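So you can see what is in the structure, the chains are spelled out below.
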Amino acid sequence: MITIDGSFGEGGGQILRTSLALSLITGQPFRIEKIRAGRKNPGLLRQHLTAVKAATEIGQAEVKGDAIGSQQLTFVPGKIKSGDYQFAVGTAGSATLVLQTVLPALMLGDGETTTLTLEGGTHNPFAPPFDFLQQTFLPIINRMGAGLTATIERHGFYPAGGGKFVVSINPSAQLQPLELLERGEIKTVKARALVAHLPFDIAERELSLIGRKLDLPGEALHGETINTSPGPGNAVFILAESQHVVEIFTAFGERGVSAEAVANTVIKEARAYLNTEVVVGEHLADQLMIPFALARGGAFTTLPLSKHSTTNIEVIQKFLDVRFEVTSLSNRAVRVSVK
Amino acid sequence: MPQKKTVVIGLLGIQKDAGKGAARWEKWRPTIALVSHEDLLVHRFELLIQPSHRELAKQIVSDIRDVSPETEVHLHSVQFEDAWDFVEVYGQLHDFVRGYRFKPESEDYLIHLSTGTHTVQICLFLLTESRHLPARLIQTSPPKYRKHRLSDPGTYNIIDLDLSKYDFLAARFQQEQKEATSFLKSGIETRSKEFNRLIARIEQVAIASRDPLLLMGPTGAGKSRLAKRIYALKKARHQMSGAFVEVNCATIRGDAAMSSLFGHVKGAFTGAINNRDGHLRAANNGVLFLDEIGELGLDEQAMLLRALEDKVFLPLGSDKEVKSDFQLIAGTNRDLSDRVREGKFREDLLARINLWTFCLPGLRERKEDIEPNLQFELDQFAERNGRRVTFSREALTRFLKFATSPDASWNGNFRDLNGAIIRMATLAEGGRISVEVVQEEIERLQESWQQPRTNNQLSCLEQHLHQDALDDLDLFDRMQLESVIKVCQSSRSLSEAGRKLFHSSRDRKQTVNDADRLRKYLLRFGLSWERVREGGKERQRD
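Chains as they are written, first to last, in my numbering: chain L, 1 to 339; chain C, 1 to 542.
Bound-form chain C, shown alone (with noise of 0.2 Å):
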């Protein structure tokens, strides 16, 4: 392979590089001794100089050849007016740079620092740090002990911005990351690799980027959470200044939505009596966390886009854009894309957040986080409460046990870990949770699990239900009515069922015909055991 060939790029200093007569030599002259180096040939030097010192130039080039004949010397002019003016020096050593080939296949390039005004100093480093100049920085220094010899070059160090490249460093680094991912998870010692490796990355795009993420997943698997610390730790690095506004976009409709997220002037509307900033101004310099941004209205998802394009949008009632620059940070449990199909959701305000898109993983899909996320809702439930509860060694293996067989669906992910902790660690008795508690909470979630839940619209009733008969039911009825399906469903007969649902009062009546009760009440919704039965199969099928 054939070496590569080392060029410098270097300002002549008019004052360090000058000199009069047979005395230069005895100045140190820093682009003179960058050549005198015994260890480092340089084959060639791009000399930028100024057309006013041109006859310094000369004379360098002279005193080049003499001490060192292997180098090549070009020039070339740069024109500052004032050199202490940093967009002046900088277009114009950006202006060098764009019409330089560089051949970094078989050029080495160095840029040389010392020479100059702090400003084309501060240019240099930039243009190298940003990777328009292909090079490493090199700082010529004269010797510590002048007297002793006139002639020594003194010494050169050379930087490479690339800090990947120092080992040391690099360690830093990697124990930066580390700590970074660790405060993402809370600190919690996760032992999922899938999550672990998806953590890792977030922490490189959040610390990269600005631009918006879209953390997808099921409730409960932890997206507000993670949004929490993805700006705490922004925060912390000094990349952020501003504050952390969630919002669920679930929570919010029609106009109170558009006031809500982007503001309103006085009398926009009836009953806006003041201005109102909203949380996308409140969210400038910060993020704003969107929950179920799917739920977001088109109107506003128009709005939205714009103020994530060009940062500015309008309040409602105002013609005045108002300003702010935050992070956008959203989440959802649907798929978008869906949303879009249904023309519910904009293709363009959904290209725009998928740039990133983190899919967490529900709590069933990352049981072995099961132990280390249960360790850390003890602490935070002893930090709020101010004991500590430890599990009984049996309590835990039968606890865990249970959190890792697939009994446990965990359909409300960390949430459900969350409430099951506490419920465990208010009932310990001697800050100690034993297998009784245990055993209870276990029943406790198998049946919170089985049981509709009253926020979810798809429950067995719509399979049995017309959605007209369901609407005219009151919610009392409805759950009542959901219940009894369930039952039925788990029952081998009419009879058992019966039994089941009456088993208190049937002591006291003097017939006993649970059945009979049983098909009346299901025929008061046009409902027959028969029916409630197919249903409940077919849900299994599933």
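Next up, chain L with everything else stripped away, as it sits in the complex (with noise of 0.2 Å):
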């Protein structure tokens, strides 16, 4: 059995996630101890037990352990089940989160079409949201063979959730090793701004800012009511299309943040990626890890590694008999190659 120490690293979430996902995947049982060890409130939290219950359901997995405050776990995992599933996330854990862990093992293999309706955040801090998803991460996977659509039903933002989304799986057996080393020219530059049960002039400010300090012209610049959301919410996004991929950066507007400021940490965020050469993004560069192991290849060069990345390849090198090798390319840029 694998054993995995929850406190090395970062987040014991992402550590909890990943392999949750890679035990459902190479049929390998794991345990995972001393999580999130060392915390005021150390031990497994309610987002992570509805991503084990997820887990659980989809692998059939026998587990113990899964308890609120519970600093060890140990998975067995069963037989992968396609289907259609249901799965409810309270508002601070995201649906998109859900998703991570279970999308490996359900978009490899010769299953059934599988049907995820994810209720619950769609649009969280610290979760990539729905956008990245369905714009970003889906088109990039799909070209390495993979098989997936998502459609948003309901926008759900924190702290009210309520949201939902669909994705439909269509298995392959197999990913195809990608190589995102040349970004080219960035195509186009665009901010999108939403707005639920608030003024719309949040949206205004943060798209006025953003076309100023981007300089965007008016028709890259689109705000947008949602009508459907429970809750209220705002969320400001600048993507980014080059060649292979569109990149997607996120704000979230709080109370007592003004739009300008949070229009400014997008900004920033943008700015990192677009003053550099790289084609991956900070976030994306964690969502591809995973896939990149699956397809025992491919190369894509990105800004420095962040604490997360790192754990993330450690612990996916535990379960996947693949080495990851980060080169240094500048001091704003490395290249990741798996072998």
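Don't take each hint at face value.
Said to hold, decoys possible - With a straight-line cut-off of 30 Å between C-alpha atoms, the simulated DSSO-like cross-links for lysine-lysine are:
no.: 1; chain 1: C; residue 1: K27; chain 2: L; residue 2: K40
no.: 2; chain 1: C; residue 1: K344; chain 2: L; residue 2: K64
no.: 3; chain 1: L; residue 1: K40; chain 2: L; residue 2: K64
no.: 4; chain 1: C; residue 1: K344; chain 2: L; residue 2: K40
no.: 5; chain 1: C; residue 1: K144; chain 2: C; residue 2: K20
no.: 6; chain 1: L; residue 1: K318; chain 2: L; residue 2: K339
no.: 7; chain 1: C; residue 1: K27; chain 2: L; residue 2: K164
no.: 8; chain 1: C; residue 1: K5; chain 2: L; residue 2: K40
no.: 9; chain 1: C; residue 1: K165; chain 2: L; residue 2: K40
no.: 10; chain 1: C; residue 1: K5; chain 2: L; residue 2: K79
no.: 11; chain 1: C; residue 1: K4; chain 2: C; residue 2: K20
no.: 12; chain 1: C; residue 1: K5; chain 2: L; residue 2: K53
no.: 13; chain 1: L; residue 1: K34; chain 2: L; residue 2: K53
no.: 14; chain 1: C; residue 1: K228; chain 2: C; residue 2: K344
no.: 15; chain 1: C; residue 1: K4; chain 2: L; residue 2: K81
no.: 16; chain 1: L; residue 1: K64; chain 2: C; residue 2: K16
no.: 17; chain 1: L; residue 1: K53; chain 2: C; residue 2: K4
no.: 18; chain 1: L; residue 1: K81; chain 2: C; residue 2: K5
no.: 19; chain 1: C; residue 1: K165; chain 2: L; residue 2: K164
no.: 20; chain 1: L; residue 1: K164; chain 2: C; residue 2: K16
no.: 21; chain 1: L; residue 1: K64; chain 2: C; residue 2: K165
If you're looking for bench data, these hints aren't it; they were derived computationally from the structure. All of these numbers come straight from a predicted model, not from anything done at the bench.
Starting from the two chains in their separate frames, assemble the complex, guided by the hints.
In structure tokens form, the structure reads like this:
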């Protein structure tokens, strides 16, 4: 049995999700210890339990230690069961993170088409928003051979949640390695701002600042009122389309934080990407680790890896017989290749 | 082992949980906050709602579903006309609790205290504290810095009213209990394990109960002192506001007993010039200590039983019942069940008072406690007389050696010890008790334990004389005869006894025939040397 130290590296949640995803796909049981040890509220949190529950259901797994505050968890997967699933996630956990846990196992193999209906937060801080999933992540792994589509029915902003999206998964036998080394020219840069149950001028102010600072024309700025969301919310995205990818950078509005401050956050992140030659941004790099490892090959250029990403690599190498090579290209770029 | 489910029971907060439209998400709502914590998974929420707030309830149920799809919500109707009315609120909540099927073996219950009126909160607290609700309390609070994250659910705090679960508090209670038992022992650091256990148990019962206590034990074992300390402890803990009333039942008989216990009204009998309240009334809200309760007459017993059960009784000559709520502590040095068999004590009264029976051992069974008690008595003496007296090392060793030896029968128990210390301390020269003083005291004690106790009916005389003959004798003669018999029994021959008895006068006599003198004396009571000696042997065989 593979043993994972849940206290090492960065977030305990990421370690757990990666372990679950790879255990499901490889059939290898694992035990994770010292989950979030040394935190103020150590052990499993609700969002972690939701991921465990989804993985248990899909992998027909046997699990021990799946309780709030538990610092040890043993997971023994069975056979992956395709079909229709519905998972509801509380506000603090993001539905996209649950997807991240079960997607690798469902998108590979010879099973039937699976429809995942995910309810809960679709636009949470500290989790990839649905827009990133749909426009950045899925196109890349579909290019690697996966057959995925995602549609949103309702937006769910933190803290009210209550969003809903459906992912349809048509499994394929194998993922193909992909090389994302040359970004080429940035074709377009666009900005989008969403507001739900809040004054629209929040979106206008965010967009106007982004337009001014990134020197974007009026038609590249798009504001939208969301009526289907149960609770209030505001999100602003900057999309950068190059030859191979559409990168998306996100910031969320918060009470007590001005629209301009929110816009500045996302501008800063987009600039960090745009001012370099790398293809893959910080968050996308994190999401690509598992698919690239499963394809057993490929390479991409990205910004210097976050602690989050290096932790992720360490966990992946425990489950899969692959090696990640990280080569520094400059002080603002690295090349990640999988062997 | 399957994980226990977490179940919250809470009232819908008609103000705190309310909120219109999307803006409600910008407001801190306790019920929503409670199910929003990442480290608290609520499997079920039993939400108590008032029928008039059904709309709000619907919204809250839907919002809980969004923020916590793991939580199942059940609605329960409670109807408060006035949510500040204690009786009504308590009644309604009590009904809910009685109708609810708790499964504490598989579910953990949390009572949400942050919604509802203060009256609701108090009632929930009381129901939890009395274990009607087998639950812990949970309080939710908004985040300290609202500005930071509007979505921050704030903090929550779980309070277990089982205070023994908190180490720090448990240590305090232990300390408090130690102080209380020490108080009951008048600060004497007794060493007898059995006695210490007994006192610990008495402390436990005394603090927790107002039921009668029965203290058994030989005279002088400290029943009265303990009763006073129990009262003082309860008073110090604010469990009592009334007085301590002590009555020795052996000293009150007949009409006088009735009247002194239960009081009388003016003119109830000849001589009843004024109203008298009686001891029971005097002990209202306090402690009534009835020592030698076995001596109480049957009429008084019947009245006492009623007073214990209904807290009312009739004063002599009155047709108006009087109320008195007192705690009874009864003392006895005899086995009351014997008295019941003899028909001299009511069985129902015994059943009522021996709910808590504690047997205080005599000093003979607590020899290891003689030394600490001795120190205590010396301190008491110093306090009363303003001068400290100590034993010389040798004297102390000598006294303790005797006091703990089989020779020391301590018939009068602590009363004897108390007397011995007072005498020795008084005779101590220069504040120092010498070996000589101790030696003298030892002899005195030995002698006193050999001599018949004046108030002891069961003297050696009864073995030799009929009750009728005894009744004809003056006390003066009885005491003399008893002493003479004692000397006979400790002598080998009539002549030896005679020599001892007439030791001083024989020098002055012309003829010396002490034996004859003694024989004649005995004959006056129909006794002979042989009979007296036989009785003595019998006594020794006993």
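Each hint, compared with the structure:
About 26 Å separates the Cα atoms of K27 (chain C) and K40 (chain L), which keeps this hinted pair within 30 Å; it holds. As the CA atoms of K344 (chain C) and K64 (chain L) are separated by approximately 70 Å, the hinted pair breaks the 30 Å bound. For the hint pairing K40 (chain L) with K64 (chain L), the CA-to-CA distance comes to about 23 Å; that is within 30 Å, so the pair holds. Taking the CA atoms of K344 (chain C) and K40 (chain L), the gap is about 71 Å. The hint is violated against a cut of 30 Å.
Simply put, K144 (chain C) and K20 (chain C) have alpha-carbon atoms about 24 Å apart, close enough for the 30 Å limit, and the pair holds. Note on K318 (chain L) and K339 (chain L): the hinted pairing holds, with a Cα-Cα distance of about 14 Å set against a maximum of 30 Å. The suggested pairing of K27 (chain C) with K164 (chain L) holds, with an alpha-carbon distance near 24 Å, which does not exceed 30 Å. Our distance criterion of 30 Å between C-alpha atoms is met by K5 (chain C) and K40 (chain L), whose separation comes to about 23 Å.
Under the criterion of a C-alpha separation no larger than 30 Å, the hint pairing K165 (chain C) with K40 (chain L) is consistent with the structure, at around 21 Å. Simply put, K5 (chain C) and K79 (chain L) have alpha-carbon atoms about 28 Å apart, close enough for the 30 Å limit, and the pair holds. This hinted pair does not check out: K4 (chain C) and K20 (chain C) have alpha carbons roughly 36 Å apart, beyond 30 Å. Restraint check for K5 (chain C) and K53 (chain L): satisfied, since their Cα atoms lie roughly 16 Å apart, inside the 30 Å limit.
Between K34 (chain L) and K53 (chain L) the CA atoms are separated by roughly 20 Å; this keeps the pair inside 30 Å, and the hint holds. A threshold of 30 Å between alpha carbons decides the hint, and for K228 (chain C) with K344 (chain C) the separation of about 28 Å falls inside it, so the pair holds. For the proposed pair K4 (chain C) and K81 (chain L), the alpha carbon gap of about 28 Å is at most 30 Å, so the pair holds. A threshold of 30 Å between alpha carbons decides the hint, and for K64 (chain L) with K16 (chain C) the separation of about 39 Å lies outside it, so the pair is violated.
In summary, the hint linking K53 (chain L) to K4 (chain C) is supported, as the alpha carbons are separated by about 17 Å, within the 30 Å threshold. Between the alpha carbons of K81 (chain L) and K5 (chain C) the distance comes to roughly 28 Å, so the proposed pair stays at or under 30 Å and holds. Between K165 (chain C) and K164 (chain L), the direct Cα distance comes to roughly 44 Å. Violation of the 30 Å bound is thereby established for this hinted pair. Restraint check for K164 (chain L) and K16 (chain C): the C-alpha separation of about 29 Å stays at or below 30 Å, so the hint holds.
A threshold of 30 Å between alpha carbons decides the hint, and for K64 (chain L) with K165 (chain C) the separation of about 28 Å falls inside it, so the pair holds.
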